[in-house]
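Colleague: Spelled out, the chains give:
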Amino acid sequence: MTASSTLTDDELYGAGLAALGASPGVLRKFLDGYDAPEAWEAIARGRHRADPDRRYRTKAVPRTLDAVATSCVQAGVSVMILGRPGYPPALADDRQAPGVLFGMGEVAALERRPRVAVVGTRSATAYGLGVASELGRDLARSGVVVVSGGALGIDSAAHGGALGVDDGATTVAVLGTALDAATTRSQAALRDALGCRGAMLSEIPPGVHSARWWFAVRNRVMAALAHVVVVVECHHRGGSLHTVAAALARGVTVTAVPGSVRSPASAGTNRLLVEGAAPVRDVDDVLTAVELAIVTRPDITPPRRPPVVRRQAGPRPTAPLRAMASRVREALDQDPATLDVVVRRSGLPLGEVSLALEELSDAGLAVGEKGWWSRPRR
Amino acid sequence: MLARIPSATLHGVDGRPVSVEVHVSAGLPGFTVVGLPDAAVRESRDRVRAALLSSQLSWPSRRVTVNLAPSGVRKTGAGLDLPIAIGLLVAAEVLPSRCVEQTGFVGELGLDGSVRPVPGIASLVASIGAQQIVVPVAASAEAALVAGERVRPASTVAEVVAALLGRGTWADTPCAAASPPAVSEPDLLEVRGQVVARRALEIAAAGGHHLLLVGAPGSGKTMLATRLPGILPDLTRDEALEVLRIHSAAGASAGAGTFPSRPPFRAPHHGATEVAIVGGGSSWLRPGEISLAHAGVLFLDELGEFPATILDALRQPLEEHVIRVRRARGAIDFPARFLLVGAMNPCPCGEGGLPGACRCTETMRRRYLRRLSAPLLDRFDLAITLGRPDVEDLLGGPPGDSSAVVASRVGQARALARERGVRCNSELRFDAVDSPCALSADAAALLERRLRSGTLSARGLHRVRRVAQTIADLDGVRGVDERHVAEALQLRSARTALVAEPGQ
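Chain order of the listed sequences is B and V.
Position one of the first sequence corresponds to residue 1 (the working numbering), numbered consecutively onward.
Position one of the second sequence corresponds to residue 1 (the working numbering), numbered consecutively onward.
Hints in this document: simulated from the structure, not taken from any laboratory.
Bear in mind the structure is a predicted one, so any value in this text is a computation, not a measurement.
Every residue, glycine too, gets a C-beta built ideally from N, C-alpha and C.
Please note: incorrect hints may appear among the correct ones.
[Said to hold, decoys possible] Covered stretches of chain V (in silico footprint by chain B; criterion: 3 or more residues with CB under 8 Å from a CB of chain B, positions within the stretch not fixed):
#1 193-200
#2 354-361
#3 384-392
#4 475-484
Whenever a hint applies, use it, and build me the whole structure from the sequences.
Modeller: Below you can see the structure in the form of C-alpha cells.
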C-alpha cells in the first residue's frame with residue numbers, strides 16, 4: 001500500500017468514511033465520539049450506532065480505502081477531518097460543518113483574513129460578469145479572500161478577477177464536485193490556477209462522481225466561510241438563493257448588486273434588495289459590510305481600503321463621433337436590444353446603423369453580444 | 001417475329017432510352033422478361049395480358065420473350081407496360097410493323113386496358129427520339145411541355161391500336177397553358193416591424209446567400225421564411241424545365257400541364273428521414289426534399305433538431321449544387337441548387353438570445369448546438385438574431401415594402417450579378433471577388449480591423465465581401481463602401497451565439 005503511505009491513518013480512514021456515500025449529516029454522526037479509524041472499524045463490523053441498519057457495512061472494505069487513497073495522492077488532495085489539526089478553524093464552529101473536507105492549494109489562506117462570498121448565476125450577462133470580475137479584483141487588492149463556487153458565469157468571473165491580483169492566495173473555490181472531476185477546458189484552466197494561486201475545497205472525495213444535490217448542499221459551506229455574501233446576478237429562484245438562505249440562517253450579511261429591472265438575470269438580486277439586502281455598487285460598499293461584520297472579531301485583519309480613484313465620466317472617445325454615430329449611441333441603453341430595435345429607435349437606415357455600431361464598439365461605447373447591443377456599464 | 005419499340009425508363013430525374021424488343025416464337029406458351037427489370041416491370045406480364053384480353057385483342061399462345069435493351073440499365077416502374085403490349089401485338093402480327101415506325105410509347109396499363117400516367121413523364125418523353133410518342137392522356141399536357149407536337153395522348157389500348165391502324169384519330173394534344181394559374185404567395189406586406197429581418201431576406205434573395213434566423217419562439221422566423229420565395233425572380237425556362245423534371249420524377253407534378261414559373265418552397269419536418277431529405281430509396285432512387293427545392297428555397301425549421309447526419313449531408317449540395325446518392329446498385333446525381341433558410345431557437349429553452357435570460361445548463365446548451373457543425377454554420381452568409389416584434393409595430397406601425405417592390409429590387413441586383421457572369425453573388429469565386437468588388441479605402445480598413453481583432457476569419461472575409469457586394473448592388477451603387485461592409489458584418493453577428501465556446 002504505497003499510496004496510503006503518504007496519508008496518516010486519520011486521513012486515510014477519514015477519506016474512506018467520506019467515500020461511503022453517506023450524506024453530510026450522517027458523516028458527522030460517524031465521527032461523533034469516534035476517531036476516523038475507530039469509526040471505520042465499527043462500521044466494517046456493523047456495530048456503529050450511526051449505522052444501525054448496516055447500510056454502509058458492505059462498502060467499508062479495504063478496496064474502498066485503497067481507491068480513495070490512490071485518488072487523493074494522485075490528485076494531490078489533502079484530507080481534513082473535523083476536530084483535527086489542519087481543519088480550517090473558520091469552518092470548524094459551524095453547526096453543519098462537513099465531517100471530512102478535501103482541499104487543494106493554500107487552504108490556510110482562509111485564516112485571519114476577511115472572507116467574502118461572491119456568488120451568482122451561470123447564465124450571466126456581460127454586465128454581471130464585469131461586476132463580478134471587478135469585485136473579485138478589488139476585494140483581492142483589499143486583502144479580502146474571495147470565496148465562490150467555481151462554476152461558469154459569475155463564479156468564474158469573480159475567481160478570475162481575484163486571481164489577477166498578485167497578493168498570495170486570494171480566492172477559494174468551494175466545489176460541488178470532486179476536486180479531480182472532469183470539467184470543460186475553460187474550467188480546467190481556472191482550476192489549475194486556483195490550485196496554484198488559491199485554494200479549492202470539496203466535501204466529495206476525489207474519484208467519486210457527484211450528484212446534483214451536492215451543489216445546493218455545498219452552498220452552506222460558502223455561507224459558513226463568508227463574513228459577507230455578495231449576490232452579483234441571480235435569476236428568480238436561482239441557485240444562489242440557497243447560499244443566501246444558508247447565510248441568513250448563520251447571521252451572515254447578504255448584499256446584492258442591483259441590475260436592470262428588465263434583465264431576467266437580475267430578477268433574484270433585485271428582489272433581495274427589495275427584501276432588505278444591502279445594495280452593492282462597488283467594492284467600497286462590500287468593504288463597509290465586511291468591516292461591520294468583523295467588528296467583534298479581533299482575530300481578523302481588517303481590509304485595506306484602496307486609494308480612492310476618481311472615476312471618469314466614461315471612456316473618452318479618441319475622435320469626435322460622427323452625427324450618425326451619436327444618434328445610434330442615443331438609441332442604445334443598458335438593456336441589450338436586437339439590431340432591429342436599434343434601427344427602429346435611431347430611425348436610420350440599416351447600413352448607417354451598422355457602420356455606427358462598428359465605430360462605437362471600436363471606441364468602447366457599445367457592447368455587442370451574440371447579436372444583442374447595449375451600452376457598456378458606466 | 002421480332003418487334004422493336006422505343007421507350008424510356010427513369011434513372012434519377014433523367015430518362016434513359018430503352019428499346020423494348022419482343023420476340024414471339026413457337027414453343028411452349030410462356031412469357032419471359034430479360035434485361036434488368038425490377039418487380040414492377042416483371043409484373044407487367046399480368047397487366048399486359050389482362051389489358052389485351054379485356055380490349056378484345058389476342059394474347060399469343062406461343063413463347064414470348066421480352067428483352068429490355070440496353071440490358072445494363074436497370075428498368076423501373078410500370079411505364080414499360082404500354083410498349084410491351086404494343087411490341088407483343090406487332091410481334092404477333094396483329095399490328096403491321098409499319099404502323100409503329102418512329103413511334104415511342106410510355107404508360108402503365110390497367111387490367112381494363114386503360115393507359116395510366118407514370119412518374120417522370122417529362123424526362124421520359126425527352127429521352128425518346130421517335131417522331132411521335134404515345135403517352136397516357138392524364139400526363140399528356142406535361143409531356144407536351146417537353147415534346148410539343150410529337151405527343152399522342154391515349155386513354156386505352158384499344159384506342160391506341162385503332163389510331164395506329166388508321167381506324168381512329170388521336171385525341172387532341174392539350175396545348176401547354178400559356179401562363180400558369182396565379183398562385184398566391186404570402187406577401188411581405190403582412191410582416192410588421194422586423195426591419196432587419198426583411199432586409200436580410202432581400203439580401204438573401206438578391207445574392208443567393210443562405211440565411212440563418214435565430215430567435216425565441218414567436219419571433220416570426222417561419223413567417224419570414226415562407227415569404228422568401230415571393231421575392232425571388234421567376235424561374236427561367238431552363239430552371240422551370242429542371243424543376244418540372246424533378247417534381248415529375250418524384251411523382252408529384254408541380255402543376256399539371258403548366259411550366260412551374262415560381263421557385264418551389266420546401267419545408268421538411270425535422271422528423272423526416274435522411275432518404276426523404278437527401279434522396280435515394282431502395283429500389284427506385286427518387287429525389288429528396290433538397291432536390292425538390294432545386295431553384296427554390298429549402299426551409300429547415302428547428303435546425304438544431306435535425307439529425308447531425310442530415311445536416312452534414314447538406315454540405316456537398318451547398319458547395320456543388322448537386323447531391324450524389326450512392327447505393328450498391330448505382331449512383332445518381334440529383335440537382336440540388338437551393339437557397340437554404342435555417343431557423344432555430346438560440347438554446348433549448350428558447351430564451352437564450354437575450355443575454356442572461358437563459359435557464360439552460362451549459363450541458364443542455366452544448367448538446368443542442370453540437371449538431372450544427374462549424375462547416376455547416378460557415379455556409380450561412382447571413383445569420384441574424386430576431387427579437388419578438390414590438391407591440392406598436394404589431395398594432396399598425398408603418399408597413400414595409402410589399403413583396404412586389406422588393407422583388408423588383410432583387411431583380412435589378414441579380415441583373416448586376418449576371419453582368420459579372422454569375423447567377424447571383426454567392427457564386428462569385430474567391431479569386432473573382434476582388435475585381436468586381438472594388439472596396440473603398442474605409443471599407444478595407446474596417447475589414448482589416450476585424451481581421452486583426454480575430455472577430456473575422458479568412459473564410460468569413462470572403463463571405464462578408466460577397467454579401468457587401470450584394471448590398472451595394474441592392475443600393476444601386478457600383479463600389480463597395482464601409483456602410484455595405486458594416487451591414488454585412490452585422491447581418492452575420494448571430495453566428496457568434498451558436499459557435500460553441502472555443503476549445504470545447
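Colleague: Indicate, hint by hint, whether the structure satisfies it.
Modeller: Against the structure, the hints:
{"no.": "1", "hint": "193-200", "in the structure": "holds (count 6)"}
{"no.": "2", "hint": "354-361", "in the structure": "holds (count 8)"}
{"no.": "3", "hint": "384-392", "in the structure": "holds (count 5)"}
{"no.": "4", "hint": "475-484", "in the structure": "holds (count 4)"}
Of the hints listed earlier, there is not a single one the structure fails to meet.
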